[in-house]
Amino acid sequence: MTHPPAHQATPAADTQGTTLARTPPHDLHSHLADHLGETARAWLDQALDEAAAHPGAHGPISVWELRLAEAGRRCGPEHADAARILILHAAHADTDALTRVYAQGTAAERRAVLHALPHLVPGPQALPLVEDALRTNDTRLLAAAVGPYAARHLDAHHWRHAVLKCLFTGVPVTEVADLERRAHADAELARMLGDYAAERAAAGRPVPEDLHRVLALTDPTATPPAPATGHGPNGPNGADGTHGKES
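If you read the sequence shown in my numbering, its first letter stands for residue 15, the second for the next number, and so on.
Label pairs and their computed distance ranges (CB to CB):
# : residue 1 : residue 2 : range
1 : A211      : P69       : 46 to 54 Å
2 : A67       : E223      : 43 to 51 Å
3 : Q118      : A66       : 17 to 25 Å
4 : V77       : A47       : 17 to 25 Å
Hints were generated in silico from the structure; no laboratory data involved.
We treat Cβ as the ideally placed atom computed from N, Cα and C, and that holds for glycine.
Between the sequences and the hints, there should be enough to build the whole structure, so can you do that?
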């Protein structure tokens with residue numbers, strides 16, 4: 015298979031949060047090539063070759079889906095999510111395949127599907143997977159769900175509740191892709207944050223510092239964030255910046 019040039023940029027050492035969804039696949043591959051041992055690199059190259067040669071479904075389960083299950087053992091837990099994203103990308107997994115993997119997979123495999131969405135699904139067809147993840151209390155799954163795909167496609171109502179869910183569960187709002195743009199001048203989000211802060215204060219509970227950060231972003235007098243630019247076809251990592259402040 016063709017390997018990315020060694021000089022290309024690699025993602026940050028933290029490949030557990032939404033950094034994965036915001037990093038182009040060729041950079042993820044470069045990162046793994048630099049950090050995996052020889053045996054793990056050989057396994058990953060074989061898995062990617064198999065996925066590229068047999069994309070989609072063949073029989074009751076495709077060979078690349080079996081490789082997704084092996085990734086943790088073969089590449090180690092710190093690199094497994096990135097390896098799974100690369101396998102999904104090599105297989106050109108469409109919405110049906112991603113939905114099947116998500117429905118049948120472990121929490122780790124579900125995370126990989128969510129991270130892979132902005133790389134593989136250009137439209138909103140996979141939003142049910144994001145919405146399902148947002149109903150859980152698995153903080154790593156929630157963090158994966160609020161990445162660039164959600165920023166691009168979640169409507170304002172569901173996006174606001176996703177931000178609140180992060181505050182409820184302690185997921186850092188730094189995981190919320192495109193937070194500054196989507197929160198800017200959002201009066202309804204400001205109202206929801208104010209109500210939540212008041213409830214916490216009335217109950218004698220501390221108000222999360224992240225709440226104050228997001229509330230500041232809703233200020234309509236603040237300088238709007240710069241237009242999104244970056245790796246993706248519609249902005250950084252695919253975010254298109256088209257959402258308004260509809261309720």
